[in-house]
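**Student:** Once you've looked at the hints, dock chain B against the given chain A.
Protein chains: 2
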Amino acid sequence: MELKEKIIKQASEAKGASKKLAHLGSEVKNQALLAMADALEERVEEILQANEQDMEYGRENGLSESLLDRLLLTEARVSKMAQGLREVAQFSDPIGEVLEMKKRPNGLKIGKVQVPLGVIGIIYEARPNVTVDAAGLCLKAGNTVVLRGSSSAINSNKAIVNVISRAAYDAGLPEGSIQLLESTERKAVQVMFELNDYLDVLIPRGGAGLIQAVVNNSTVPVIETGVGNCHTFIDSQADLDKAEQIVINAKTQRTGVCNAMETLLVHEDVAEEFLPAIIEELRERDTLVKGDKKVREIVSDVKEATTEDWATEFLDYILAIKIVSSLDQALEHIDEYSTSHSEAIVTENYTKAHKFLDLVDSAAVYVNASTRFTDGGQFGLGAEIGISTQKLHARGPMGVNQLTTTKFIIFGDGQIRQ
Amino acid sequence: MELKEKIIKQASEAKGASKKLAHLGSEVKNQALLAMADALEERVEEILQANEQDMEYGRENGLSESLLDRLLLTEARVSKMAQGLREVAQFSDPIGEVLEMKKRPNGLKIGKVQVPLGVIGIIYEARPNVTVDAAGLCLKAGNTVVLRGSSSAINSNKAIVNVISRAAYDAGLPEGSIQLLESTERKAVQVMFELNDYLDVLIPRGGAGLIQAVVNNSTVPVIETGVGNCHTFIDSQADLDKAEQIVINAKTQRTGVCNAMETLLVHEDVAEEFLPAIIEELRERDTLVKGDKKVREIVSDVKEATTEDWATEFLDYILAIKIVSSLDQALEHIDEYSTSHSEAIVTENYTKAHKFLDLVDSAAVYVNASTRFTDGGQFGLGAEIGISTQKLHARGPMGVNQLTTTKFIIFGDGQIRQ
Numbered sequence: 001m002e003l004k005e006k007i008i009k010q011a012s013e014a015k016g017a018s019k020k021l022a023h024l025g026s027e028v029k030n031q032a033l034l035a036m037a038d039a040l041e042e043r044v045e046e047i048l049q050a051n052e053q054d055m056e057y058g059r060e061n062g063l064s065e066s067l068l069d070r071l072l073l074t075e076a077r078v079s080k081m082a083q084g085l086r087e088v089a090q091f092s093d094p095i096g097e098v099l100e101m102k103k104r105p106n107g108l109k110i111g112k113v114q115v116p117l118g119v120i121g122i123i124y125e126a127r128p129n130v131t132v133d134a135a136g137l138c139l140k141a142g143n144t145v146v147l148r149g150s151s152s153a154i155n156s157n158k159a160i161v162n163v164i165s166r167a168a169y170d171a172g173l174p175e176g177s178i179q180l181l182e183s184t185e186r187k188a189v190q191v192m193f194e195l196n197d198y199l200d201v202l203i204p205r206g207g208a209g210l211i212q213a214v215v216n217n218s219t220v221p222v223i224e225t226g227v228g229n230c231h232t233f234i235d236s237q238a239d240l241d242k243a244e245q246i247v248i249n250a251k252t253q254r255t256g257v258c259n260a261m262e263t264l265l266v267h268e269d270v271a272e273e274f275l276p277a278i279i280e281e282l283r284e285r286d287t288l289v290k291g292d293k294k295v296r297e298i299v300s301d302v303k304e305a306t307t308e309d310w311a312t313e314f315l316d317y318i319l320a321i322k323i324v325s326s327l328d329q330a331l332e333h334i335d336e337y338s339t340s341h342s343e344a345i346v347t348e349n350y351t352k353a354h355k356f357l358d359l360v361d362s363a364a365v366y367v368n369a370s371t372r373f374t375d376g377g378q379f380g381l382g383a384e385i386g387i388s389t390q391k392l393h394a395r396g397p398m399g400v401n402q403l404t405t406t407k408f409i410i411f412g413d414g415q416i417r418q
Numbered sequence: 001m002e003l004k005e006k007i008i009k010q011a012s013e014a015k016g017a018s019k020k021l022a023h024l025g026s027e028v029k030n031q032a033l034l035a036m037a038d039a040l041e042e043r044v045e046e047i048l049q050a051n052e053q054d055m056e057y058g059r060e061n062g063l064s065e066s067l068l069d070r071l072l073l074t075e076a077r078v079s080k081m082a083q084g085l086r087e088v089a090q091f092s093d094p095i096g097e098v099l100e101m102k103k104r105p106n107g108l109k110i111g112k113v114q115v116p117l118g119v120i121g122i123i124y125e126a127r128p129n130v131t132v133d134a135a136g137l138c139l140k141a142g143n144t145v146v147l148r149g150s151s152s153a154i155n156s157n158k159a160i161v162n163v164i165s166r167a168a169y170d171a172g173l174p175e176g177s178i179q180l181l182e183s184t185e186r187k188a189v190q191v192m193f194e195l196n197d198y199l200d201v202l203i204p205r206g207g208a209g210l211i212q213a214v215v216n217n218s219t220v221p222v223i224e225t226g227v228g229n230c231h232t233f234i235d236s237q238a239d240l241d242k243a244e245q246i247v248i249n250a251k252t253q254r255t256g257v258c259n260a261m262e263t264l265l266v267h268e269d270v271a272e273e274f275l276p277a278i279i280e281e282l283r284e285r286d287t288l289v290k291g292d293k294k295v296r297e298i299v300s301d302v303k304e305a306t307t308e309d310w311a312t313e314f315l316d317y318i319l320a321i322k323i324v325s326s327l328d329q330a331l332e333h334i335d336e337y338s339t340s341h342s343e344a345i346v347t348e349n350y351t352k353a354h355k356f357l358d359l360v361d362s363a364a365v366y367v368n369a370s371t372r373f374t375d376g377g378q379f380g381l382g383a384e385i386g387i388s389t390q391k392l393h394a395r396g397p398m399g400v401n402q403l404t405t406t407k408f409i410i411f412g413d414g415q416i417r418q
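Protein chains in written order, with full-length UniProt numbering: chain A, 1 to 418; chain B, 1 to 418.
Pulled out of the complex, with its shape left as it was, chain A reads as follows (with noise of 0.2 Å):
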């Protein structure tokens, strides 16, 4: 069969088994995340067999170190993934809820229903993880998925889509419910961007790159996710203890994610006191430092930090740090480079805390905490399909509920418009 064919074939057995997916209740959701996670723990060895061969594969590819271990799957890893699928079926169901009803003058009653955006793709890189969260989640709020991971975990995936989706339709799921494009090839891609007939929405996780050709080709609506270039700004007012452990965290705790602080912007009253110290600290885990010319003029060794810098999600032990004489000036370079993604003010002061939260434009905006947060764990959101650094629909980590529309439901008793 024809790729183009193939696929449209899977999205529309997506598209047939999401309309009964819609209408089954929480029990069989729940039942069905738990068999999942099961099978997952009992057809480890499968996944760790098909995953072996992908690392080989990568291995002869010479994929990087960094890269080989984002794909490597353990039988712990695995039974991670089978615990947060049993999370996931702890959550409450979103489905179903009538978020308000109002009777109108003519007696009409008009409600609002939350229901199942229907069939969401994923685009993913490397994790093999994503596979199994990701299809958790999008069961979860009734929705069905069609799935397109790496070509690097292509073998992990499709052991792994076995077993769940196996799991799922004998715990009474729709067939068909979950999808993966098993074509490595590129035009696979391309197809899943003209399938508005099928997918109601296109969800891509990965790198800048990954998420840009989606968003420039894609037809179906498309939520945008996760590129990350933060900001935390040390006011003239901070604790500088605070400070210092909120930067440190912010930088080092863990660098490849899109809530990693890039830039670090010190207002000039506390540059002498504050750089010194943090520099020293940054450089013994490791972290470049790459600092404007004020910082240069404070910390001599300093590397000069370039305008391409100060827009760079360096996703790695980079920092690049610049000298404000102002909350404004802050908030102009903010304005300027940030991805909107998430950023931070360490502040004592009121007004300037309250003033940045209003001003800066991003999906999280905090005062006197490490940017890090910005998940739908630590939210209390449960586990997240994503962080959406765009405005519509869903802004910051999506979970269940973001997975969801609304339609409005009318009780009439033989109304007519006037």
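Don't read these hints as lab results, they were simulated from the structure. It is possible that some hints are incorrect.
No copy is singled out in the list; a pair is fine if it fits within one copy or between any two copies.
Said to hold, decoys possible - Straight line, CA to CA, 25 Å or less: simulated DMTMM-like cross-link-like pairs of lysine to aspartate or glutamate: (1) Lys112 x Glu27; (2) Lys109 x Asp358; (3) Lys15 x Glu308; (4) Lys112 x Asp358; (5) Lys112 x Glu348; (6) Lys112 x Asp328; (7) Lys294 x Glu332; (8) Lys20 x Glu336; (9) Lys103 x Asp241; (10) Lys355 x Glu13; (11) Lys242 x Glu273; (12) Lys407 x Asp93; (13) Lys242 x Asp328; (14) Lys6 x Asp335; (15) Lys355 x Asp375; (16) Lys80 x Glu125; (17) Lys407 x Glu97; (18) Lys6 x Glu125; (19) Lys293 x Glu281; (20) Lys407 x Glu336; (21) Lys112 x Asp93; (22) Lys355 x Asp413; (23) Lys103 x Glu87; (24) Lys242 x Asp286; (25) Lys19 x Glu332; (26) Lys294 x Asp241.
**Tutor:** Frame of chain A, contents of chain B only:
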């Protein structure tokens, strides 16, 4: 200046203005809306003169009577636009509302606050009142607008924007909050499709062709509006008096609108009783009736309905009628042909009513009422910017609340992630 540069300059001004407008208080915004309303009435002569130019040009170019009527402005119509702005000024301001705030175990207070989308692009056809309605709703929600009307109304739109943007500025809104693209070239629309750096959303208002072109070509996120192939199903247990009233209202009260009924589905058990009289009544109201084979066995001079008819939004005095043997068959037909706008069932049977509400996947699903109610005003949302037929962000009539997004605000006390 080159077309593209000029449009980017306007979009960039709108973006700059949006950053100021987002933080203006309700009072300034409401004063501006009232000032815009007054200015429309005070300077009505200028507007009518400009409109006369468009009308003349339209007549010369052979615009149909109905298009000319949509284009025509009168003192009364301008006053109605002004009245619309005064009503929007009365709405409560959605901006700044904290929708939820929770304290996490680590002490972080995490809240969600309602904020403007930013800059809203609107591409619309013929009717110049959209210029005022759209600008008013967008400004109320703290957004600036980039408007692109049809070339047939260019003089009217220019005059209107000239009047309202001057009044808005004098009342304290940022300069450049209301932008009208003055080029009537098709290329201008193409440029809008790529303004991702400036526009947060693009809303097309018009016919199916316009909407499809925007969806297919825009990289700016789109909210699809409007196309309504709406169905009404008369169940075997319908109250046929209610059914009659609802059918006549949904088809003939106004035909050129998206929430008018286009296909009537009738249960075979009541077809012989119901159809002859209703078809006569429809014909008395100049409605052309088309029917499937079974309909034509009951009323022999009914024209044959083709597959294409089932899929057509007539927007005219035309109705396609099909006889079905069960609720399930009605649901299947709707599932196949509906554009997911508005559908209604007429029945006295409780279980069938709820089954229809549950299973029809449309923006608005009715029991025993006319689909003509799908409208922001009728639903109690105040005015509307359009009716979304997509599932992302907004579904059904979109009022001021749907022109907003949220951001997370986080109050910390030095928290770092473990």
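**Student:** Which of the numbered hints are not met once you compare them with the structure shown?
**Tutor:** Of the numbered hints, all hold.
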